[in-house]
Amino acid sequence: MSWILPPSASTFAAQIDFIYYVILVITGIAFVVVEAGLIWFVIKYRARPGRKAYYTHGNITAEIVWTTIPAVTVVMIGLMSGGLWNEIKGRDSVPPDAIPFGVKAEQFEWTFTYRGLDGELGTADDFSLRNQLHIPVNQPVALSITSEDVIHAFFVPAFRVKQDIVPGLGATIWFEATETGDFEIACAELCGLGHYRMRAMVTVHSAEDYQQWVTSQTTVALAE
Amino acid sequence: MRRLIATTVLATLACGGGGGDAGTSDGGGAAAVAPLGSASIAGVINFEGAPPANPTIDMAEEPDCVAKYTDGPIDPIVVVNDGKLANVYVRIVSGLPEGPYPMLSEPAVIDQDGCLYHPRVLGAMVGQSIEIRNSDPMLHNIKAIPTENRGFNISQPREGMTTTRRFRVPEIMIPLECNVHGWMNAYVGVTDHPYFATSGEDGTFAIGGLPAGTYQLEAWHETLGTRTAEVTISDGASETVDFSFSG
Amino acid sequence: MATSAVPLEQAVHSEAHELPFIRKYIFSTDHKIIGIQFLLFSLLFLLLGGMLAGMMRWQLGFPDAPMPVGTILPETMAPDGILLPEFYNSLVTMHGTFMVFFAIMPLLVGVFGNYLIPLKIGAPDMAFPRLNMASFWIAVPAGILMLAGFFVEGGHAAAGWTAYAPLSADPEWTGVSTGQQLWLLSLAILGLSSILGATNYISTIVNLRAPGMTWFRLPLSIWALFITAILVLLAIPILSGAAIMLFFDQTIGTHFFDPTDGGQPLLWQHLFWYFGHPEVYILILPAMGVVSDIIANGSRKPVFGYHSMVYALIAIGFLGWIVWGHHMFQSGMNPTLGTAFMISTMLIAVPSAIKVFNWMGTMWRGNIRLHVPMLHSVAFVAMFVIGGLSGVFMASNTFDIYIHDTYFIVAHIHYVLFGGSLFAIFGAITFWYPKMFGRMMNSLLGKIHFWLTFVFFNLAFFPMHSIGLGGHMRRLYDPSQYQFLQPMQPINKFISISVFLLLASQIFFVINFIMSWFNGRKAPENPWEDNGLEWSTPSPPPHGNWDKSPAVYRGPYEFSSPLVEEDFLPQYRKLETDEEPVAATRET
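Protein chains in written order, with the working numbering: chain A, 1 to 224; chain B, 1001 to 1247; chain C, 2001 to 2588.
Read the hints as simulated data drawn from the structure, not as lab findings.
Just so it is clear, CB atoms sit at the ideal spot from N, CA and C, and this is done for glycine as well.
It is possible that part of the hints are untrue.
Each computed EDC-like pair below joins lysine to aspartate or glutamate, with the alpha-carbon atoms no more than 20 Å apart [what the hints assert, rightly or not]: (1) A/Lys44 <-> C/Glu2525; (2) C/Lys2548 <-> C/Glu2525; (3) A/Lys52 <-> C/Asp2567.
Anything over 10 Å on all C-beta distances counts as not near chain A; from chain B, calculated [what the hints assert, rightly or not]: (4) Ala1042; (5) Asn1141; (6) Thr1163; (7) Asn1179.
Which bits of chain A does chain C cover? Going by a derived footprint, with three or more residues having C-beta under 8 Å, they are [as the list claims (entries may be wrong)]: (8) 124 to 132; (9) 152 to 162.
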């Protein structure tokens, strides 16, 4: 693909990408300095007969400089990342108005459980779909994911969302889609011979479409 | 002539496992060991009452499989045609003389086609080759979950792939499943003798090549449970044993 | 300490020449022979690991085509040459296992630890020569068990080289039982070999330094091996313990890692990475050490900031113990820990940067001889920097949400372990080959090998950053299954072809290695005009290394010293102004 990350379709995708670009610039500078320096030294100081190298064992000032600059830089990157990390993954980061979904991961499929029309999970009008997640746009959603067998990882590249799902532990994650459309869900943790086929699709609807869709599905579910 | 009939019946059994259609198909295989006798048992599996509805399968993610169905695919758990029940596995439980029994030299075949197993219920002898085929252009994995035998978990990523496996110990029944398509289930019954059959679409089954004797039979269905029957048969004779299930 | 007396006596009496062939070359207690045994053993696994990688790249580059000559593989691996997903998972697992445990680790620790430590500190042999022999002969059955896994029913271990439970704990999830058990047994046995080796290295460096070889006159290669040996001694038992627990889960029905019976899958990850991150430094510190030696030699200058280099090694060795959680940012462990582990991980950049800048400082105003070992060492620095900088992206727990378990990680680890460790290994083999075998490696073949490897390495691994940033998951049998990955298929193909060419380029090394052994130019005592003690003895050195223990008069990197005409001043050369050193550690 390209150096540019794939299209972003969730609220914190842009923030995560921003961290990427900051690190890219900082490491890019370090990369150019070091690689150019190496090439330059190899050419400029190549062996010539009759010349002796400059005899030195080092320089304290230089050591202090190149210890301090990286230390300050990486700690700053760390602080910048840490704040956003807590917003996304912190234990109490899930917005209270997020729509809850139940997700079951197992070799090699995802089962998504919807709360139906009554607004609650675990009631009679719940319904489940295999490998299909439907969510409304511009509305936080919270996925409580459990695993039936081995470790899987819930990954939506377009949303910059990834979470390992450990059996017996599970995880609750949240995100808010900002674009309507279909996006792929992948399993990102080796989970067996069908790992590469453990894919699903998330469909982001407009708010009205979503309501309509839920209504139709709930009717079907109650009819059965 | 007798021998020919027995051979045909046995060959039919071997293929009948594959076609789920015992009694009608004609196979070309032969038993490696001479049959112990020439008596046979045939019958029909009846289903009383209204059959339960089978769930539909949402196969949308596999358009290549959906294309193999004119109506939407359903999960064929209870298949009843004109009051006759298919996919019932019938075997002789006791009454047989000591072995060895004739070995079924033809492999038992199970095919994955349209993201379903064909047949759904398969009989095989201990040591008999079970040939697993993939007729779908996508990955299926086949996971056998026995309790007595050694399990396996293999994959067939391409159309046309075949894999052969065997079971070493009798076991009723060994579930097979595909984890890529969670709706795909099949069952394999493994016996140490060749006297078993699976009812076809028309509910019929036939077991041949038997010596004279008194036998206990058991009919097994994956959701409807088991039925038993006893039959006494003299050499060269043919007896009818019907079973009856209800929803 | 009784064992330590043996080599000293042997040295004094030169008994070596009377040893029968089997004692001299097979069950040898000579650290040099054991080093060469490890060299051949691990180069074999390096070759195998490379072949496994080639098969994986075939599948990734050309997922629709049967692999050429793949039809020779049995039906359980590749029917009609089409690799099966379960076999692909075994390839993923075994490529990592071979490279980490049976190639790079023994190449650095087993080969150079054994070969260089006594020679560079002026000792006649290791402190415990018989333990040393045991460490090699324990590694051999471990290797055989590991290879045997390919031939058992159910196939080889397929849960990744990290063997995450419960995938690895229960055959139900993979169909693999015996393969995974052999894998665990083999690692537990190999661990014993490593522990014996590490004990020996530490004892030898502490106790057997020649007179005048003070701690701060030790070459950085020895410092690095010393720190590494401490890491090995502390880290490997954790892996062995975890492996035995998992083995019990597999065989006798314990449930350490099985959540359905109260076990905890994350426990495996904590144990594995508590071992695994120090392991990463085990795989890079010795490379840093030998590269420091070679860069000083190639630049004809003392190592810039020798003390900083030593402290940086110690700092990396220490920090390595408190960063393991960064492998588990997305595992579901307490998110607060994520931030703590991120900060400690970020700090590793500091000693790494110190080392890089000091290597550059060493080259600055040097008189650089670009011999083959120097080429590899400069490439080491250049590639290690890329691996180090890409590490900063992953260290950010927030950005790691996106790139965790993608090809970005694969690119990173290969820039560190191939671009880093393996280039250092090629450099070090070329540098010490004349001492090991008494002959020089061919310089032209060496340069051809270097440039081809350098070019194809970058063509193969740099694009992996790019597809990783596109979201390409690792350990994926067939990327074409995902729509968002389909546009990357041309890059995958490009990477695969580069890997094939990279593998083919290694033929030049193999030819050079074998041909030079028999036909190479005879090596003089000190072909590289280096300062280390190993160059004061014939090439190859006799059993016992020296007739009389050498004395050390100065630090290891006195290149271009104004005291002498030449541009090198060996540690063992006595100038008129030098005084006889007092014995540092032992009587001579």
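Verification of the supplied hints:
1. With a CA separation close to 30 Å, the supplied pair lysine 44 of chain A and glutamate 2525 of chain C exceeds the 20 Å bound.
2. Proposed proximity of lysine 2548 of chain C and glutamate 2525 of chain C is supported: the alpha carbons are some 17 Å apart, at most 20 Å.
3. For the hint linking lysine 52 of chain A to aspartate 2567 of chain C, the alpha-carbon distance of about 7 Å falls within 20 Å, and the restraint holds.
4. For alanine 1042 of chain B, the shortest C-beta to C-beta distance to chain A comes to about 39 Å, beyond the 10 Å cut-off, and the non-interface label holds.
5. Residue-level check failed: asparagine 1141 of chain B sits 5 Å from the nearest beta carbon of chain A, not beyond 10 Å.
6. Distance to chain A confirms threonine 1163 of chain B as a non-interface residue, since its nearest Cβ pair spans about 13 Å, more than 10 Å.
7. With a least CB separation of 4 Å from chain A, asparagine 1179 of chain B falls inside the 10 Å interface cut-off, contrary to its annotation.
8. By the rule of at least three residues with a Cβ nearer than 8 Å to a Cβ of chain C, the coverage given for the region 124 to 132 of chain A is violated, with 0 such residues.
9. Requiring three or more residues with a Cβ within less than 8 Å of a Cβ of chain C, the coverage given for the region 152 to 162 of chain A holds, as 7 such residues are present.
Checked against the numbered hints listed earlier, the structure breaks hints 1, 5, 7, 8; every other hint is satisfied.
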